[in-house]
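*Asks:* Now for the letters of each chain:
There are 2 protein chains.
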Amino acid sequence: MIKKNENYTNLAKGYLFPEIAKRRREFQAANPDAKIISLGIGNTTEPLTPHIVEAMKNFVEAMGTKEGYEGYQDDSAGMPKLRERISSAIYSGKILPSEVFVSDGAKCDLGRLQAMFGRGVKVAVQDPSYPVYVDGSVMAGAGGKHPVTDHGFDDITYMPCLPENDFFPDLSVVQKDSLIYICSPNNPTGAVASRENLSKLVEFAKANGCIILFDAAYSFFIQDKNLPKSIYEIEGAKDCAIEMQSFSKPAGFTGVRLGWCVVPENLKFEDGSRVCDAWARITNTAFNGASNIAQAGGYAALDETGLAEMNATIRYYLENAALIRSALESDNFKKMGVEVYSGGNAPYVWAKFTGKKSWDVFDEILRQCNVVVTPGAGFGPSGESFIRFSSFGHRENIQEACERLKSFNM
Amino acid sequence: MIKKNENYTNLAKGYLFPEIAKRRREFQAANPDAKIISLGIGNTTEPLTPHIVEAMKNFVEAMGTKEGYEGYQDDSAGMPKLRERISSAIYSGKILPSEVFVSDGAKCDLGRLQAMFGRGVKVAVQDPSYPVYVDGSVMAGAGGKHPVTDHGFDDITYMPCLPENDFFPDLSVVQKDSLIYICSPNNPTGAVASRENLSKLVEFAKANGCIILFDAAYSFFIQDKNLPKSIYEIEGAKDCAIEMQSFSKPAGFTGVRLGWCVVPENLKFEDGSRVCDAWARITNTAFNGASNIAQAGGYAALDETGLAEMNATIRYYLENAALIRSALESDNFKKMGVEVYSGGNAPYVWAKFTGKKSWDVFDEILRQCNVVVTPGAGFGPSGESFIRFSSFGHRENIQEACERLKSFNM
Numbered sequence: 009m010i011k012k013n014e015n016y017t018n019l020a021k022g023y024l025f026p027e028i029a030k031r032r033r034e035f036q037a038a039n040p041d042a043k044i045i046s047l048g049i050g051n052t053t054e055p056l057t058p059h060i061v062e063a064m065k066n067f068v069e070a071m072g073t074k075e076g077y078e079g080y081q082d083d084s085a086g087m088p089k090l091r092e093r094i095s096s097a098i099y100s101g102k103i104l105p106s107e108v109f110v111s112d113g114a115k116c117d118l119g120r121l122q123a124m125f126g127r128g129v130k131v132a133v134q135d136p137s138y139p140v141y142v143d144g145s146v147m148a149g150a151g152g153k154h155p156v157t158d159h160g161f162d163d164i165t166y167m168p169c170l171p172e173n174d175f176f177p178d179l180s181v182v183q184k185d186s187l188i189y190i191c192s193p194n195n196p197t198g199a200v201a202s203r204e205n206l207s208k209l210v211e212f213a214k215a216n217g218c219i220i221l222f223d224a225a226y227s228f229f230i231q232d233k234n235l236p237k238s239i240y241e242i243e244g245a246k247d248c249a250i251e252m253q254s255f256s257k258p259a260g261f262t263g264v265r266l267g268w269c270v271v272p273e274n275l276k277f278e279d280g281s282r283v284c285d286a287w288a289r290i291t292n293t294a295f296n297g298a299s300n301i302a303q304a305g306g307y308a309a310l311d312e313t314g315l316a317e318m319n320a321t322i323r324y325y326l327e328n329a330a331l332i333r334s335a336l337e338s339d340n341f342k343k344m345g346v347e348v349y350s351g352g353n354a355p356y357v358w359a360k361f362t363g364k365k366s367w368d369v370f371d372e373i374l375r376q377c378n379v380v381v382t383p384g385a386g387f388g389p390s391g392e393s394f395i396r397f398s399s400f401g402h403r404e405n406i407q408e409a410c411e412r413l414k415s416f417n418m
Numbered sequence: 009m010i011k012k013n014e015n016y017t018n019l020a021k022g023y024l025f026p027e028i029a030k031r032r033r034e035f036q037a038a039n040p041d042a043k044i045i046s047l048g049i050g051n052t053t054e055p056l057t058p059h060i061v062e063a064m065k066n067f068v069e070a071m072g073t074k075e076g077y078e079g080y081q082d083d084s085a086g087m088p089k090l091r092e093r094i095s096s097a098i099y100s101g102k103i104l105p106s107e108v109f110v111s112d113g114a115k116c117d118l119g120r121l122q123a124m125f126g127r128g129v130k131v132a133v134q135d136p137s138y139p140v141y142v143d144g145s146v147m148a149g150a151g152g153k154h155p156v157t158d159h160g161f162d163d164i165t166y167m168p169c170l171p172e173n174d175f176f177p178d179l180s181v182v183q184k185d186s187l188i189y190i191c192s193p194n195n196p197t198g199a200v201a202s203r204e205n206l207s208k209l210v211e212f213a214k215a216n217g218c219i220i221l222f223d224a225a226y227s228f229f230i231q232d233k234n235l236p237k238s239i240y241e242i243e244g245a246k247d248c249a250i251e252m253q254s255f256s257k258p259a260g261f262t263g264v265r266l267g268w269c270v271v272p273e274n275l276k277f278e279d280g281s282r283v284c285d286a287w288a289r290i291t292n293t294a295f296n297g298a299s300n301i302a303q304a305g306g307y308a309a310l311d312e313t314g315l316a317e318m319n320a321t322i323r324y325y326l327e328n329a330a331l332i333r334s335a336l337e338s339d340n341f342k343k344m345g346v347e348v349y350s351g352g353n354a355p356y357v358w359a360k361f362t363g364k365k366s367w368d369v370f371d372e373i374l375r376q377c378n379v380v381v382t383p384g385a386g387f388g389p390s391g392e393s394f395i396r397f398s399s400f401g402h403r404e405n406i407q408e409a410c411e412r413l414k415s416f417n418m
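Protein sequence lines correspond, in order, to chains A and B. Numbering-wise (this note's numbering), the first sequence opens with residue 9 and increments by one. Numbering-wise (this note's numbering), the second sequence opens with residue 9 and increments by one.
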């Protein structure tokens, strides 16, 4: 019989979000009358905007005609006109269309990137971080084994991001020739790296042969004009960084599926070969392009009307985040000693319940308030005692959840 | 600096279809007036049918409303109602909805399956076969090195499929505990495995600890009611086979992106753990579901109206295939000793140009007829001297290409 891939044996637990969904289902089954509100998974709730809907409807209609029909694209990296528009609208032409690889989303790109870098690469992650960075690395064989003590995987360098360091890591713990995952605005902490942070990061990467995987999936949430939205705003980043981006949150495409990553032509492996060539090989061999309907929507999302509509959606979620922050600053939380972190440039509010375990707080909030949150410990060892509150929800549900939270006690 | 993944270094050449596209572009540049017709890549050309267009338009419109909006699915394996309809419409309920994993297509599923099985697995492929079986295995580390003599990869067992064995392989060359790739109707040969063929295959797999990866992406083309459309028509297949399926060809979804694979609950690794659990882990960690718009289209495609429309599209391409076959049976080809294989249950016509090299024939057909075909050698060592003619094209282009072929000489 065929042996199970040993990398999978190393995975200790199920993926975080299915575990949350399971606990929610069990609670609902035991409490059928409970009206559960989710501030948990980062799932968008607001409708697609009219301009994007129109563009996709028109595209589908054209696909029903001989003239408008499109099959496989010539290149799995996406429609040329979309790659051009991303180059101009997002990067002001500083990134070439040929360096933009359109995909079905950041999570899927991460899986392919991890497969491309393979089992031999050293990995450094912010701690806490999006679980896919670690789980995907382990599945690709780059994680090593999981120790029983729950302090993370042997071969992964965890870079603590805590209030003490303003949630930006001390890079001195990173080994030479590492792949460094940096997410800004950060999931789950909501912190945004400053220009100075990123300049130091790029300098470190170049000096130490590292490649940065910069996850900018939340960049549309940045309102502060002094904060960088892309790693490529930093001089030298094209020599050492891959950037991932997504239409999921700004355009509401979590179900439609569309994103992109930038792999600059300057980026090289040790043997001098271009990373973009290896990337093109895997996108052509293990992927067949994002849905062309989604691409038609993404193309519309990046014109003037589309951008204005996306910004309105972003502001809606940021207003939700402000309401949540305000609820978490009410007296009951103050009495518990809860500290709240939220800078207004991210959809997540991050709160520390000192002395308590994340999963205990999760269970207790679910029990008392019938509100689903995300336990910080699910994002890595340094997430312990924290809770992530997501602002994706209809306003009335956010308001109701905030009301319930105001009587929470633990 | 970061080392290039050694598996990628083993890949000898670029992926087949980009190489064909490159030669086509070069020929067009040198001959700007040539009106090139492609019988090459298996890319669909006929419009989406009205019922599917309507369903996707309605879904997009609903996504623009608060009530109809959908974000992430609860499970990356697809909409419950689509999984149920695949279970009933395709498998008459013999496969459970929970065993159906909806995806963005067979190629993408192959990449994830190869990542899941990992570098330790032994691989056997039909020769010739779809290049992704071999290239993807090599990228996952299961292929070994490519020898200079062009006889394939060290660690892959090639099972010749030739006219002499009716294009179904001799399984005795397969090692114990192998992953066996079988494609029926076959790409590129167009041959369909009989019930007897598949019964022997299942028996062999069960006796030798093998798992079959059964690629049924062309099953809708099967017209002969005696031929099996699914491996699960064979007793015992649920213990030893994964099946991949696709909406690409029957529904014209090559650009829309939708398919599925079946991973039966009975299927186990050596340690007794279920393959479907490992598969759920990778689909949740490295994938986020097919576009929900595509899924709405797939759901419509499998109701009574949708199935009737898909069958009409399939018949159109099969009529094209009959025209191509007829052209290849004309006197000029007979004089060259060309043998033609096409059973009327696949969109590909496979022809042997004895004594000639596939790429030479490819170049010569492009030069004389301005027709792009696919060189058989691109599908593996046993494809040498063969050419694959694809029937995906508008009727008038197929007719024109056939006319031109009738004066081909080499």
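Worth double-checking, as some hints may not be accurate.
Copies of the same chain look alike in the list, so a pair counts if it fits in one copy or across any two.
In silico BS3-like links for lysine-lysine, alpha-carbon gap of 25 Å or less [unchecked claim]: (1) Lys11 x Lys184; (2) Lys153 x Lys276; (3) Lys89 x Lys208; (4) Lys365 x Lys414; (5) Lys208 x Lys11; (6) Lys130 x Lys153; (7) Lys153 x Lys11; (8) Lys11 x Lys276; (9) Lys89 x Lys237.
If you are wondering where the hints come from, they were derived from the structure by calculation, not from laboratory data.
*Asks:* Run every hint past the structure and note whether it holds.
*Replies:* Now for the hints, and whether the structure bears them out:
| no. | hint | in the structure |
| --- | --- | --- |
| 1 | Lys11 x Lys184 | between (34 Å within a copy, 12 Å between copies) |
| 2 | Lys153 x Lys276 | between (29 Å within a copy, 23 Å between copies) |
| 3 | Lys89 x Lys208 | neither (35 Å within a copy, 50 Å between copies) |
| 4 | Lys365 x Lys414 | within (20 Å within a copy, 77 Å between copies) |
| 5 | Lys208 x Lys11 | between (44 Å within a copy, 23 Å between copies) |
| 6 | Lys130 x Lys153 | both (14 Å within a copy, 24 Å between copies) |
| 7 | Lys153 x Lys11 | both (17 Å within a copy, 22 Å between copies) |
| 8 | Lys11 x Lys276 | between (35 Å within a copy, 9 Å between copies) |
| 9 | Lys89 x Lys237 | within (23 Å within a copy, 39 Å between copies) |
In this structure, the one hint that does not hold is number 3.
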